[in-house]
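Protein chains: 2
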Amino acid sequence: MKTWNLRHYAAFLLDVDGVLVHDSRPIQGAADAVRLLQQLGQVLVVTNNSTRSRQQHASRLSTAGFDIHPDDIISSAYAAAKHLQLHHGGVCVWPIGEQGLADELLARGHTIATKPYQAQWVVAGMDRFITYQKLTDGLHALNAGARLIATNQDSTYPTPEGLVPGAGAIIGALRGMGFEPELTIGKPEPFTYDVALGLIKCKPDQVLMIGDRLETDILGGNRRGIATLLVQTGVSQRSDVERQGIFPTWIAESIASVHTEAVLPVSGH
Amino acid sequence: MKTWNLRHYAAFLLDVDGVLVHDSRPIQGAADAVRLLQQLGQVLVVTNNSTRSRQQHASRLSTAGFDIHPDDIISSAYAAAKHLQLHHGGVCVWPIGEQGLADELLARGHTIATKPYQAQWVVAGMDRFITYQKLTDGLHALNAGARLIATNQDSTYPTPEGLVPGAGAIIGALRGMGFEPELTIGKPEPFTYDVALGLIKCKPDQVLMIGDRLETDILGGNRRGIATLLVQTGVSQRSDVERQGIFPTWIAESIASVHTEAVLPVSGH
Numbered sequence: 396m397k398t399w400n401l402r403h404y405a406a407f408l409l410d411v412d413g414v415l416v417h418d419s420r421p422i423q424g425a426a427d428a429v430r431l432l433q434q435l436g437q438v439l440v441v442t443n444n445s446t447r448s449r450q451q452h453a454s455r456l457s458t459a460g461f462d463i464h465p466d467d468i469i470s471s472a473y474a475a476a477k478h479l480q481l482h483h484g485g486v487c488v489w490p491i492g493e494q495g496l497a498d499e500l501l502a503r504g505h506t507i508a509t510k511p512y513q514a515q516w517v518v519a520g521m522d523r524f525i526t527y528q529k530l531t532d533g534l535h536a537l538n539a540g541a542r543l544i545a546t547n548q549d550s551t552y553p554t555p556e557g558l559v560p561g562a563g564a565i566i567g568a569l570r571g572m573g574f575e576p577e578l579t580i581g582k583p584e585p586f587t588y589d590v591a592l593g594l595i596k597c598k599p600d601q602v603l604m605i606g607d608r609l610e611t612d613i614l615g616g617n618r619r620g621i622a623t624l625l626v627q628t629g630v631s632q633r634s635d636v637e638r639q640g641i642f643p644t645w646i647a648e649s650i651a652s653v654h655t656e657a658v659l660p661v662s663g664h
Numbered sequence: 396m397k398t399w400n401l402r403h404y405a406a407f408l409l410d411v412d413g414v415l416v417h418d419s420r421p422i423q424g425a426a427d428a429v430r431l432l433q434q435l436g437q438v439l440v441v442t443n444n445s446t447r448s449r450q451q452h453a454s455r456l457s458t459a460g461f462d463i464h465p466d467d468i469i470s471s472a473y474a475a476a477k478h479l480q481l482h483h484g485g486v487c488v489w490p491i492g493e494q495g496l497a498d499e500l501l502a503r504g505h506t507i508a509t510k511p512y513q514a515q516w517v518v519a520g521m522d523r524f525i526t527y528q529k530l531t532d533g534l535h536a537l538n539a540g541a542r543l544i545a546t547n548q549d550s551t552y553p554t555p556e557g558l559v560p561g562a563g564a565i566i567g568a569l570r571g572m573g574f575e576p577e578l579t580i581g582k583p584e585p586f587t588y589d590v591a592l593g594l595i596k597c598k599p600d601q602v603l604m605i606g607d608r609l610e611t612d613i614l615g616g617n618r619r620g621i622a623t624l625l626v627q628t629g630v631s632q633r634s635d636v637e638r639q640g641i642f643p644t645w646i647a648e649s650i651a652s653v654h655t656e657a658v659l660p661v662s663g664h
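Quick note, the sequences are listed as chains A and B, same order.
Just so we're on the same page, the working numbering is the position in the first sequence counted from 1, plus 395.
Just so we're on the same page, the working numbering is the position in the second sequence counted from 1, plus 395.
In case anyone wonders, no lab produced these hints; they're calculated from the structure.
The model shown is predicted, which means the values in this text are computed figures rather than measured ones.
Please note: incorrect hints may appear among the correct ones.
Think about it this way: if two alpha-carbon atoms lie no more than 20 Å apart in a straight line, the pair counts; the simulated SDA-like pairs of lysine to any residue are [said to hold, decoys possible]:
{"#": "1", "chain 1": "A", "residue 1": "K529", "chain 2": "B", "residue 2": "S550"}
{"#": "2", "chain 1": "A", "residue 1": "K529", "chain 2": "B", "residue 2": "T526"}
{"#": "3", "chain 1": "A", "residue 1": "K529", "chain 2": "B", "residue 2": "L558"}
{"#": "4", "chain 1": "B", "residue 1": "K397", "chain 2": "B", "residue 2": "D600"}
{"#": "5", "chain 1": "A", "residue 1": "K510", "chain 2": "B", "residue 2": "P555"}
{"#": "6", "chain 1": "B", "residue 1": "K598", "chain 2": "B", "residue 2": "A497"}
{"#": "7", "chain 1": "A", "residue 1": "K477", "chain 2": "A", "residue 2": "P576"}
{"#": "8", "chain 1": "A", "residue 1": "K529", "chain 2": "A", "residue 2": "V559"}
{"#": "9", "chain 1": "A", "residue 1": "K397", "chain 2": "A", "residue 2": "N617"}
{"#": "10", "chain 1": "A", "residue 1": "K510", "chain 2": "B", "residue 2": "K598"}
{"#": "11", "chain 1": "A", "residue 1": "K477", "chain 2": "A", "residue 2": "H464"}
{"#": "12", "chain 1": "A", "residue 1": "K510", "chain 2": "B", "residue 2": "E556"}
{"#": "13", "chain 1": "A", "residue 1": "K510", "chain 2": "B", "residue 2": "V559"}
Incomplete in silico selection of chain A near chain B, CB under 8 Å [said to hold, decoys possible]:
{"#": "14", "residue": "I525"}
{"#": "15", "residue": "L534"}
{"#": "16", "residue": "H535"}
{"#": "17", "residue": "L537"}
{"#": "18", "residue": "N538"}
{"#": "19", "residue": "G557"}
{"#": "20", "residue": "A564"}
{"#": "21", "residue": "G567"}
{"#": "22", "residue": "A568"}
{"#": "23", "residue": "G573"}
Some chain A residues near chain B, calculated using beta-carbon distances under 8 Å [claimed, not checked]:
{"#": "24", "residue": "A405"}
{"#": "25", "residue": "Y527"}
{"#": "26", "residue": "L530"}
{"#": "27", "residue": "T531"}
{"#": "28", "residue": "S550"}
{"#": "29", "residue": "T551"}
{"#": "30", "residue": "Y552"}
{"#": "31", "residue": "L558"}
{"#": "32", "residue": "V559"}
{"#": "33", "residue": "S634"}
Backbone N, C-alpha and C fix where the C-beta goes; we use that ideal spot for every residue, glycine too.
With these hints in hand, go ahead and build the complete structure from the sequences.
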């Protein structure tokens, strides 16, 4: 049986919602745990939440007691903007999402189309202000030939008032009109992990992904050869592991457990 | 080669948008053609448009010069309400759609839930007033165990200003949150055609479906053993037939051609 040793890892990728915070409240012990991880190695935040800019993510985390620099935050909005920049230069985009998505696109040198038919790309993410007009504009952009990227396809998003529609609802609406994204950026897809590995200059086996959702955080880490720790302060619980057939390397109650021996290995077979 | 003979049919099923009207304007010659069909046999209107009640459909058609009784209108909203009534009695529904959908549900003895979690069924259709809150309410109803029916899954809806999102966008959003309809009511699915055949008490080979959309009107008629006439005043054109591999029995420029020899057979092979 493997023994937990935090010093085995040189870098840590942390999910936000359900790992560090519930809504805007810090999870008990999470701030201390993050400070410890920051002493031991590099810490990046990797989140599918595309509604905020990196600056807004950092501010929110700062208010909750975490000291994370905006440059160390990889959101699916940032990663989508980065992907377009790397592969297509500066492009003209029709975003379907919140202000944070537009901010990240602009920060990476892209322009926002003023009319749907002008757009080369539609970049779609979670949008709590979605309207029929926004769906219509998206349809017109896509019918006029724009290519489609999904920031992520999370079906739902947890809030203190219960689950609300995630980016998956928005992508589903576009799919229901006949358009399939040619690329999905966020976890569990490889692109976001590749951006993280590029930033920290580590090999996958030196890295630990800490997340609360099996089908995004853990599945994506497993696929990329990164060790994974499932914490049970968010969406997925131990009882979901066998049922979903997605096996983290390690499991613990909370990120607050990382400095203790309460982190246990999970065997897939 | 088959020869067109209108008197071969005892009943006619007519689509509305793209066959009888463009938006609220009658298509040239359509009103005369409908009067002729009404002299020769029974005429029912069969539409996937779930946003209006049968009464509203009849009023709109009356304004455009067509005399169709509300009882002779089979909308996907009416058919969905009818399906629930036939198979489940009066049920408690959370509709995602416009007022016409709620009206048809109420007219068939169902109740509208006041809170999402109370609903036994979610019935979803096109909704030009869709909001994030409506999607959230639908998610909560479905998470609480409500069963899901789609009035139809048309990807788009044609307007004078261009295509807008159809019911498919709404169903797609629900699918993107993890919920698949257990039944789709509208064309090309069989239920709506079965309701029509039940009302007119005709065998399928005595019936002609006249429509403008291959993948709904024509495909559904073909599947149900009903002769079909594709008119080219709406979505589909002759050039789409081979490409989509959906072959109407007959093809004409417009419904105004039905009394002439300008209706030609289409061979599938």
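Against the structure, the hints come out as follows:
The straight-line distance between the Cα atoms of K529 of chain A and S550 of chain B is roughly 16 Å, inside the 20 Å bound, and the hint therefore holds. Distance restraint check for K529 of chain A and T526 of chain B: the Cα-Cα separation of roughly 10 Å lies within the 20 Å cut-off, and the hinted pair is therefore satisfied. The hinted pair formed by K529 of chain A and L558 of chain B meets the criterion: a straight-line CA distance of about 13 Å does not exceed 20 Å. In summary, the hint linking K397 of chain B to D600 of chain B is supported, as the alpha carbons are separated by about 15 Å, within the 20 Å threshold.
Simply put, K510 of chain A and P555 of chain B have alpha-carbon atoms about 18 Å apart, close enough for the 20 Å limit, and the pair holds. With a C-alpha separation of about 32 Å, the suggested pair K598 of chain B and A497 of chain B falls outside the 20 Å cut-off, and the hint is violated. Among the hinted pairs, K477 of chain A with P576 of chain A is consistent with the structure: their alpha-carbon atoms are about 17 Å apart, no more than 20 Å. Proximity of K529 of chain A to V559 of chain A is assessed by CA-CA distance (about 19 Å); at most 20 Å being required, the pair is judged to hold.
Straight-line distance between C-alpha atoms of K397 of chain A and N617 of chain A comes to about 17 Å, which keeps the hinted pair within the 20 Å bound. Simply put, K510 of chain A and K598 of chain B have alpha-carbon atoms about 51 Å apart, too far for the 20 Å limit, and the pair is violated. With a C-alpha separation of about 18 Å, the suggested pair K477 of chain A and H464 of chain A falls inside the 20 Å cut-off, and the hint holds. A hinted pair counts as satisfied when its Cα atoms are at most 20 Å apart, and K510 of chain A with E556 of chain B qualifies at roughly 15 Å.
Only pairs whose Cα atoms come within 20 Å are accepted, and K510 of chain A paired with V559 of chain B is accepted, the gap being roughly 16 Å. Evaluation of the I525 of chain A hint against chain B yields a held restraint, the C-beta minimum of about 5 Å falling below 8 Å. Annotation: L534 of chain A was flagged as interfacial toward chain B, and the flag holds, the nearest CB pair being 6 Å apart, inside 8 Å. For H535 of chain A, the interface hint holds, the least distance from its beta-carbon to any beta-carbon of chain B being 7 Å, beneath 8 Å.
Nearest Cβ of chain B to the Cβ of L537 of chain A: about 10 Å, over the 8 Å cut. The hint is violated. Here the hint on N538 of chain A is kept, as its CB sits about 7 Å from the closest CB of chain B, short of 8 Å. Because the closest C-beta pair between G557 of chain A and chain B is about 7 Å apart, less than 8 Å, the hint holds. Checking A564 of chain A against chain B by beta carbon gives a least distance of about 4 Å; that is within 8 Å, so the hint holds.
Using the Cβ-Cβ criterion of 8 Å, the hint placing G567 of chain A at the interface with chain B is satisfied: the shortest such distance is roughly 2 Å. For A568 of chain A, the shortest C-beta to C-beta distance to chain B is roughly 4 Å, which falls under 8 Å, so the interface hint holds. Evaluation of the G573 of chain A hint against chain B yields a held restraint, the C-beta minimum of about 5 Å falling below 8 Å. Given the 8 Å rule on beta carbons, the hint for A405 of chain A is violated: about 37 Å separates it from the nearest Cβ of chain B.
A cut of 8 Å between beta carbons decides the hint on Y527 of chain A: the least distance to chain B is about 5 Å, and the hint holds. Below 8 Å, beta-carbon pairs count as interface contacts, and L530 of chain A has one with chain B at about 5 Å; its hint therefore holds. Checking T531 of chain A against chain B: minimum C-beta separation of about 5 Å stays under 8 Å; hint holds. Hint on S550 of chain A holds. Least Cβ distance to chain B is approximately 5 Å, under the 8 Å limit.
Taking 8 Å as the C-beta cut-off, the interface hint given for T551 of chain A holds, the closest approach to chain B being about 6 Å. The beta carbon of Y552 of chain A is not positioned within 8 Å of any beta carbon in chain B (closest approach about 10 Å), and the interface hint is therefore violated. With 8 Å as the threshold, the beta carbon of L558 of chain A comes within range of chain B, its nearest partner Cβ sitting at about 6 Å, so the hint holds. Interface restraint check for V559 of chain A: the shortest CB-CB distance to chain B comes to about 5 Å, inside 8 Å, so the restraint holds.
The beta carbon of S634 of chain A is not positioned within 8 Å of any beta carbon in chain B (closest approach about 18 Å), and the interface hint is therefore violated.
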